[in-house]
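A.B. asks: What follows is the residue order along each chain.
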Amino acid sequence: MTNQYQINNEQLTKINELVKELNQEQLVWLNGYISGLINGDTSSTNTLATAPSKSSEKITILYGTHTGHSKEIALDLYDRLSSLGFSPSLKALDEYKKTDLKKEQYLFLVVSTHGEGEPPIQAEEFHEYILGNRAPKLEGTKYSVLALGDKSYKKFCQTGIDFDEAFKKLGAEEIVPIQKVDVAYEEIANNWIDSVTNELQKIQPATNPTVSVENSPAKKKKFNRTNPFYAEVLDKVRITTKQSEKEIYHVEISLEDSEIEYQAGDSIGVLPSNPVDLVDLIINYFADDPERMVQVGGKDVSLFRALQHKLEITVLNREVLEKYNEIVKNKELATLLENEEAQDQYLYGADAIDLLEDFPGEIQTDEFLGILRLLYARLYSISSGPTQNPEEVHITVASLRYKHKKRDRNGTCSTYISDQINVGDHIPIFIEKNEAFRLPKETDKSLIMVGAGTGVAPYRSFLQEIEQNNKQTNSWLFFGNQRFKEDFLYQVEWQKYLQKGVLNKLDVAFSRDQNEKEYVQHKLKQKASEVFQWLENGAHFYICGDKNYMAKDVQETLKEIITSEGGITAEKADEYLKKLKKERRLLLDVY
Amino acid sequence: MSDQNINWAELSEVEKIKVDSNYLRGTLAESLADPITGAIAVDDRQVSKFHGIYQQFDRDTERERKKTKLEPDFSFLIRVRVPGGLVNADQWLQMDQIADEYANGTLKLTTRQAFQFHGVLKGNLKPSIQSINKALLDTIAACGDVNRNVMASPHPYGSNVFDQVQDYANKVSDHLTPRTPAYYEIWLDQKKVAEGSQGEVEPLYGPVYLPRKFKIGFTIPPFNDTDVFTQDIGFIAIENNGVLEGFNVVAGGGMGTTFGDAETYPRLGTVLGFVKAENTVDVAEKIVLVQKEQGNRKIRKNARLKYTIDRLGIDKFKELLHEKLAYELEAAREYALIRNGDKFGWHQSVNGDWYLGLFIEGGRVKDVESVKTKTALREIADLNISDFRLSGNQNLILGKIKGEDKNKINEILKKYDSLPSTISGTRSNSIACVALNTCSLAFAEAERYLPSLIDKIENSLSDFGLFKDEIVIRMTGCANGCGRPYVAEIGFIGKGPGRYNLYLGGNFNGTRLNNLYRENVNEEEILQELRPILEDYSQNRTEGEHFGNFVIRKQYIKEILNPKDFKH
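Line by line, the protein sequences are chains A and B.
For the first sequence, the working numbering begins at 1 and goes up steadily by one.
For the second sequence, the working numbering begins at 1 and goes up steadily by one.
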């Protein structure tokens, strides 16, 4: 080294002496430090006083706050640990992914208590989770809790105590005992931060953590319609208000131990059970014995079970009508069968008991069973992303209820889920692949997603995937329902995605919020020029939901947009749409 | 304050929001147009206050909606500024209509003589404010870090100077109203004036306005129904043989405190001296300016004028004030205040007009079953035979009524079951803030609960023959003090669901702070605590002795001599 850089010999000696003392890791750090100095990057000069990064320790700080005090303390701890070279992560309890819990090495929780020992709203869900039986084992996790409270209440710091006990019960190891603080909290809070910091500083930075690679076992179970997986229902929550005319549920279903895999865009099939009251009506009609064994699909089952689990009795079709009339030879029905329009009208909303009562004739129970179709599975678009939820599927189910001929009718499967299924029950499901409704393979594509009502489900799955994998995807969601206040499905989730930039644009149409009904296609039309621009730039266009009205109207509107914005004839616009379909850029999941 | 040398990081974050808002515009226009949420942007929630608008949500349905993956049921409170609480019949009709059309169908009369609409959805904000504007009223500076609605005693009683005092309230109000055109641009669709062509936008306030809210009230002795000692500036009218000579100036009152923060406390104003009537506006302005320059902009909880005065010392404060005035305040004049409550029923003023004081429980004008007060008042307003005066105790006075019209009013009130009936002296001196379910600050119920608590206290009152005795009783859902609970003879401050701190020992004319008697008590405990004291009061009070004075004399509670000793 010559002196051309104006470093004198004394300086050079010092440098060499220092360098000799340093290990590889320290040299790497020094390298960065010096280049920081050269670039005038103050953040790296600030690290002069800090130790080398101890980032290999996973440290998570969680808080649940109402007034903001818990958050402040959590931030203080975060700052302290960061300044010492740790890499903690900091999250509010309502933003924390519960599935991360079992990965935690060091967990610090600051939480307040309200009223008579209640958690702050922000912490409610997590509180319920950790105290419930879905909470994972936490062996290997070290933790400490700081509980805020007010001594003038009877259950002082109860929420913090709940968490502390739950962690303990789940096998976590307490490294600093729970501290409970009153309204004047600063001193004890600071002591707690000191204790936590001291404990962490005793830990040597972990070197090369061993990653255990678990290969999926060779024998994969295959579940399908005939061999469904009995999946546990983990959660079921209505996501429309009681004032809403729509009764829509968000249902979370466990895939644990099934080795079932799915992709965004797939559906699940649910094998439902028929409503018991309808089964009873049919058995009473024949004055038969529900326990009498009958044959369905070559197997012996009881009459009751056949009607409840094996045969389709809530809906009819033309074939059933014809087969039925081959036996009963009812003249009225014969006339109806000649008139296709009247027939369709009749079929809408009619079920097996209607058929028996409307067109009476000579028919035995077993003959009747013989003309009924086998009960088919109902498909629901999956509303969870597989990367975020590898062991769960979520679905979004609207309960179909209506009155027909003075009798309450229920959609077979939707009311099966809303009325008969509870958290903890097991329901028979399988995955229905849907290659026709996939995210683009390239991550830099744009998406326009149009969905009304539960048709928005797969887009939740898409956005969860985008959040995990394809941050550069541009996305635009058009959502419609009846009322902003009552049935804006997954409203807070879309808001979060907009904030994070996972979703770029969201337009909403609420048909009942103004005098003129407004639907998603009207919103599309209002944004015609931008929609066309997105298409021209290669956007993928998705439609999900009702086949007969919404999907038709949206495609019609799309054609109008292409005609007017592209300045082309209707025929050319048709070609444009055909081309989109061929390129798999116009994708439909309709029902 | 010059912008260059300000270290925004060390100031409270609201200061930065104010300066960035470009004279109260913020991103309100964008927030209003966002269809994805019923809320407005976080910073706009500060800015909107200066426009008289608070974002709130229904706390009753918060949990359920969170589970439903829906945002809270957001709505807005709109506060209409009414200096002195005085409106005409036509304005009352329009407020009545706005409540039905855009809000929850009720009118709240506030403790600062303002109208409040609750439950206004975001999309209805603009039409509401446009309708308010058509009624020749506005909402600017009804909230925010500026001078808020100027109060003035609405009772003419025996005074000749009532109209003059009301006139000074209007003048002070006008003089201290923000000048920014933002209000007119955002709500009334007025075109933006080109930058630079408008000179100084806020000659008085500047771009960061005041450090904290600012409240002014006028009263005419012997009445103190505007609680002048709880105002940042109180003006006590001094009249001499029917002529208004001027006002005693009181400064540094304020109610708000924060639980657990010993640096916050309620304080009664200090009498600074006397000002001649013609200098009233000038003195108000100069006190505002001292506060603008000296107020604490780092810690919002210590930003009110009361803390500024205690930090500077009263002498230093007066010195700074006198530097700004071209004259000194004269020595305070003699005055006597006897009560801070309202008078109800029919009264005739010195010039022969009639006045009807109506008790409005919790200040809520509504129709409930057969008691259709809102409808009754609308029909009275339709006749256009009176004006309408909102009192600082959430009540209403129908004023300037000709003798021959009295019966028409009585008839209508009778028809809708709203005729003033016998109510206890305690209930008629009650105040409750809004609290749950819409106020985001509330820890406990107030307006929805106090009436039923008084029902139960009345059992004791009746037992001891105290039903007609007037006792000032006030309840707020949190420690911020909107209902001025710290000067009540019996004060309740919400600590948590169903639990209150119980304060005793304020006096009947609003010139003494009360003191913490029991902490965090529930209904049963409240009733148990009060009953023996009321019994003792009924047996051992001296002639004309008010309850608040009695509990001090009998040493149930000590008087607080230094507000910093206040416990909460």
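Honestly, the hints are just simulated from the structure, not real lab data.
Glycine included, every Cβ here is placed at the ideal spot set by N, Cα and C.
Do not rely on the hints blindly, as some may be mistaken.
[Unchecked claim] With beta-carbon atoms standing in for the labels, derived distance ranges: (1) A:Glu516 - B:Asp90: 48 to 56 Å; (2) A:Glu95 - B:Asn384: 36 to 44 Å; (3) A:Asn190 - B:Gly345: 55 to 63 Å; (4) A:Lys242 - B:Glu263: 51 to 59 Å; (5) B:Glu330 - A:Ser83: 52 to 60 Å; (6) B:Val371 - A:Asn515: 42 to 50 Å; (7) B:Asn170 - A:Asn515: 37 to 45 Å; (8) A:Gly424 - B:Glu263: 49 to 57 Å; (9) B:Lys414 - A:Asn515: 51 to 59 Å; (10) A:Glu516 - B:Val371: 52 to 60 Å; (11) A:Gly501 - B:Asp315: 40 to 48 Å.
[As the list claims (entries may be wrong)] Under 8 Å between C-beta atoms, here's a sample of chain A residues computed to sit facing chain B: (12) Gly115; (13) Gln243; (14) Leu337; (15) Tyr490; (16) Leu498; (17) Gln499; (18) Lys500; (19) Leu506; (20) Asp574.
[What the hints assert, rightly or not] Here's a subset of chain A near chain B, in silico, CB distances under 7 Å, partners left out: (21) Val233; (22) Val237; (23) Gln491; (24) Val492; (25) Leu586.
A.B. asks: Please go over all the hints and tell whether each is borne out by the structure.
C.D. replies: Verification of the supplied hints:
1. Range check, Glu516 of chain A to Asp90 of chain B: Cβ separation about 33 Å, and the 48 to 56 Å hint is violated.
2. Look at Glu95 of chain A against Asn384 of chain B: about 57 Å separates their beta carbons, and that is not inside 36 to 44 Å.
3. Between Asn190 of chain A and Gly345 of chain B the Cβ separation comes to about 60 Å, which falls inside the hinted range of 55 to 63 Å.
4. A hinted range of 51 to 59 Å for the beta carbons of Lys242 of chain A and Glu263 of chain B is inconsistent with their spacing of about 45 Å.
5. Restraint check, Glu330 of chain B to Ser83 of chain A: a C-beta distance of roughly 59 Å satisfies the suggested window 52 to 60 Å.
6. Between Val371 of chain B and Asn515 of chain A the beta carbons are some 34 Å apart, a value that contradicts the proposed interval 42 to 50 Å.
7. Distance hint check: the CB atoms of Asn170 of chain B and Asn515 of chain A are about 42 Å apart, consistent with the given range 37 to 45 Å.
8. In this structure, Gly424 of chain A and Glu263 of chain B meet the distance hint of 49 to 57 Å, their C-beta atoms being roughly 51 Å apart.
9. Checked against the hint of 51 to 59 Å, the C-beta distance between Lys414 of chain B and Asn515 of chain A comes to roughly 40 Å, which is inconsistent with it.
10. Separated by about 39 Å at the C-beta atoms, Glu516 of chain A and Val371 of chain B break the suggested range of 52 to 60 Å.
11. Checked against the hint of 40 to 48 Å, the C-beta distance between Gly501 of chain A and Asp315 of chain B comes to roughly 57 Å, which is inconsistent with it.
12. Because the smallest distance between the Cβ of Gly115 of chain A and any Cβ of chain B comes to about 5 Å, under 8 Å, the interface hint for this residue holds.
13. At its closest, the beta carbon of Gln243 of chain A sits 10 Å from a beta carbon of chain B; the interface hint therefore is violated under the 8 Å criterion.
14. Checking Leu337 of chain A against chain B: minimum C-beta separation of about 46 Å lies over 8 Å; hint violated.
15. Taking 8 Å as the C-beta cut-off, the interface hint given for Tyr490 of chain A holds, the closest approach to chain B being about 5 Å.
16. Hint status for Leu498 of chain A relative to chain B: holds, with the closest Cβ pair at about 7 Å, below 8 Å.
17. For Gln499 of chain A, the interface hint is violated, the least distance from its beta-carbon to any beta-carbon of chain B being 10 Å, above 8 Å.
18. At a threshold of 8 Å, the smallest CB-CB gap from Lys500 of chain A to chain B is about 14 Å, leaving the interface hint violated.
19. The beta carbon of Leu506 of chain A is positioned within 8 Å of a beta carbon in chain B (closest approach about 5 Å), and the interface hint is therefore held.
20. With its C-beta approaching chain B no nearer than about 32 Å, Asp574 of chain A sits outside the 8 Å limit, and its interface hint is violated.
21. Among the interface hints, the one on Val233 of chain A is violated; its C-beta lies about 16 Å from the nearest C-beta in chain B, farther than the 7 Å criterion.
22. Annotation: Val237 of chain A was flagged as interfacial toward chain B, and the flag holds, the nearest CB pair being 6 Å apart, inside 7 Å.
23. Among the interface hints, the one on Gln491 of chain A holds; its C-beta lies about 5 Å from the nearest C-beta in chain B, closer than the 7 Å criterion.
24. With a cut of 7 Å, the hint placing Val492 of chain A at the interface with chain B holds, because the nearest CB-to-CB distance is about 5 Å.
25. Residue-level restraint check for Leu586 of chain A is violated (minimum Cβ-Cβ distance to chain B is 26 Å; threshold 7 Å).
Consistency with the previously given hints fails for numbers 1, 2, 4, 6, 9, 10, 11, 13, 14, 17, 18, 20, 21, 25, ordered from lowest to highest.
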